[in-house]
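*Asks:* If you use our numbering, the sequence shown closes out at 975, no skipped numbers anywhere.
Quick caveat, the hints were computed from the structure, so don't treat them as lab data. Computed from a prediction, not measured in an experiment: that's the story for all the values here. Yeah, the Cβ is synthetic: ideal placement off N, Cα and C, and Gly gets one too.
Quick list of the computed label-pair ranges, beta carbon to beta carbon: (1) Leu-799 to Thr-747: 20 to 30 Å; (2) Arg-889 to Gln-847: 16 to 26 Å; (3) Asn-524 to Gln-620: 30 to 40 Å; (4) Ser-730 to Pro-644: 48 to 58 Å; (5) Asp-512 to Glu-754: 41 to 51 Å; (6) Leu-799 to Glu-751: 20 to 30 Å; (7) Val-590 to Gln-617: 14 to 24 Å; (8) Pro-753 to Gln-692: 17 to 27 Å; (9) Asn-524 to Arg-854: 27 to 37 Å; (10) Glu-796 to Ser-585: 37 to 47 Å; (11) Asp-714 to Pro-644: 29 to 39 Å; (12) Glu-796 to Asp-512: 44 to 54 Å.
Listed below are the simulated DSSO-like cross-link pairs for lysine-lysine, each with C-alpha atoms no more than 30 Å apart in a straight line: (13) Lys-685 to Lys-534; (14) Lys-673 to Lys-685; (15) Lys-673 to Lys-887; (16) Lys-749 to Lys-710; (17) Lys-534 to Lys-673; (18) Lys-710 to Lys-534; (19) Lys-792 to Lys-887; (20) Lys-792 to Lys-673; (21) Lys-534 to Lys-749; (22) Lys-685 to Lys-710; (23) Lys-534 to Lys-792; (24) Lys-792 to Lys-710; (25) Lys-673 to Lys-749; (26) Lys-749 to Lys-685.
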Amino acid sequence: MNRDCLPSIPKPRKRRAFVDAEMPVHITTSSVHRSSNSAGNDTTAKQSQDAPSEDMRHSLLTNPDLTNTESNSFLKLLSRGLRINEATSDLLQGIDYHYVENCLTAFRPFTKNFPFVVLHPDTDAASMAADRPVTTVALCAVASGSHPDIRIRLVRSFRLALSTMVLVEGQRNIDLSIGLLVFLAWNHHYMAKHQIYQELCLLAGMATDMGMYCENLASNIPRSPSMIERFRTYLGCYYLCCSLSTIGFNKPNPLRWTDNLRKYAEIVGQFSDMQSDRMLVGIIELVKSIDDFEDSIQAPGIESLRISTQYLTMQARAANNRLSTLKREHPEIASLLTFNGLSTHIIHRLVRASCVPDMGCFIQCAFTIKEYTEDLLARPAATLYRIAIVDWVNLLEILLLMARLTTRLPSNVTWEAGAISSILQPDAILDRIYSHTTSASSEDFLNPRDEAQLLWLRNLCETIKTRILGCRERGRQRVGLQFDPVHSLDNREVSAHLEGRFRPVNEPYSSELSPPSASSPSRAHINPETSEFLGSSDHGVLEDPILKAFVIE
Numbered sequence: 423m424n425r426d427c428l429p430s431i432p433k434p435r436k437r438r439a440f441v442d443a444e445m446p447v448h449i450t451t452s453s454v455h456r457s458s459n460s461a462g463n464d465t466t467a468k469q470s471q472d473a474p475s476e477d478m479r480h481s482l483l484t485n486p487d488l489t490n491t492e493s494n495s496f497l498k499l500l501s502r503g504l505r506i507n508e509a510t511s512d513l514l515q516g517i518d519y520h521y522v523e524n525c526l527t528a529f530r531p532f533t534k535n536f537p538f539v540v541l542h543p544d545t546d547a548a549s550m551a552a553d554r555p556v557t558t559v560a561l562c563a564v565a566s567g568s569h570p571d572i573r574i575r576l577v578r579s580f581r582l583a584l585s586t587m588v589l590v591e592g593q594r595n596i597d598l599s600i601g602l603l604v605f606l607a608w609n610h611h612y613m614a615k616h617q618i619y620q621e622l623c624l625l626a627g628m629a630t631d632m633g634m635y636c637e638n639l640a641s642n643i644p645r646s647p648s649m650i651e652r653f654r655t656y657l658g659c660y661y662l663c664c665s666l667s668t669i670g671f672n673k674p675n676p677l678r679w680t681d682n683l684r685k686y687a688e689i690v691g692q693f694s695d696m697q698s699d700r701m702l703v704g705i706i707e708l709v710k711s712i713d714d715f716e717d718s719i720q721a722p723g724i725e726s727l728r729i730s731t732q733y734l735t736m737q738a739r740a741a742n743n744r745l746s747t748l749k750r751e752h753p754e755i756a757s758l759l760t761f762n763g764l765s766t767h768i769i770h771r772l773v774r775a776s777c778v779p780d781m782g783c784f785i786q787c788a789f790t791i792k793e794y795t796e797d798l799l800a801r802p803a804a805t806l807y808r809i810a811i812v813d814w815v816n817l818l819e820i821l822l823l824m825a826r827l828t829t830r831l832p833s834n835v836t837w838e839a840g841a842i843s844s845i846l847q848p849d850a851i852l853d854r855i856y857s858h859t860t861s862a863s864s865e866d867f868l869n870p871r872d873e874a875q876l877l878w879l880r881n882l883c884e885t886i887k888t889r890i891l892g893c894r895e896r897g898r899q900r901v902g903l904q905f906d907p908v909h910s911l912d913n914r915e916v917s918a919h920l921e922g923r924f925r926p927v928n929e930p931y932s933s934e935l936s937p938p939s940a941s942s943p944s945r946a947h948i949n950p951e952t953s954e955f956l957g958s959s960d961h962g963v964l965e966d967p968i969l970k971a972f973v974i975e
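Let the hints inform the model, and build the full structure from the sequences given.
*Replies:* Right, dumping it as structure tokens:
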């Protein structure tokens, strides 16, 4: 009984440690096999870690209450994939199985204008919520144009899931890439803050981390559907990064070209059963030609050549020849709005670089704008609600360029100015585009009418008329009062005075009726708010000076 007092140790822990230390280790054949193959060991460990989640996923998918609107089973399935806890679960309030099914149906026509995202006919809401939760929220946000309150909550849910899974957890997977691709492709539907270029850089980094530059393209590797989907996503990332950085921001492309992209497009077109995948080779070559054109005029070491109109003309001519060649090699891309939009962008570069109005360049630009607007008006009325952000940016650039051409015309009447005025007629074109868009039915479920987009178009047309075209008309009135000697005559004397102004073509102008000089066109009518765009600035149409002045009021 004379034993020292020792602190008590829990017997279960003591017994477990003793047994683990003393019991012999039995090595089975399966354990030897796993230890001899490190790759197999990692795969087995990963499968053992994912086993509970797979079991939970199977139990959630087989739950008969998924389609029940009064049950929270579907909401739990979607919240689990988005890492949304109970504190932020109100963001998904009202999102049930049937709502996601309706969004999937409404989203399918959108993919015709962006072939890098494909929804197969057998895709349902339950499988999308389980396998692609981030993509599900992104496409529901795009297709919720008729429910702006739900769209706002879905956008917040997407941003919350993206920040948690990418920035906090450091994940990189196909669901996040496709979700961000969809979110950016139709970002103009819910664009509140100008973070597009920042998100483009994030998209480029995710594509790089997933292996876009180091994919194994050996012919003996089977082309699985997951590989085709991954290759298609790479192509969509390059398409968005190249087009938006060039036209929208006039900044370097965050995702540089690699020859693997051409191989990806060829593999997808060869092994995919989707008709839209046959166009990917031509589309990628199209945006690559624009990328090469921008690199040629923005490369370091040619600062002296950047201000040379002759150098820009040479590069633009080479780019136009490349587009003509692509049109012959891939005739299907000629039917895309993107083709005419990018063709106009090349000419826009020349217009911005020219300090003195070049009538030949202006006439060529007027014809391309006319061709683009006629193509847009020939399409269904719901096209503007479904186009991707690249076509939306092209439309914004073309409408502003059309107004700019009108303001830069010389004040005196020449046959070039008359030809451009008769081709463009900006007021009539703006009215026709807006009227054509408003003719879309608001009761068509497959082609939902987006009132936010319609409001944006109306504000854009009115802003262009008041800030650019209105100033041009006031400038014309001032010039007309200065050079028209009959403005103070009575109406009965006008015809007689005009008869006295008749002169033979071989006689020179008199000093009294000399027309205004065409060498120094008046620019007093240009609004100071738009001079930054109308001049030779380097701002893209998605940057703050332009976006705030013409789009966001």
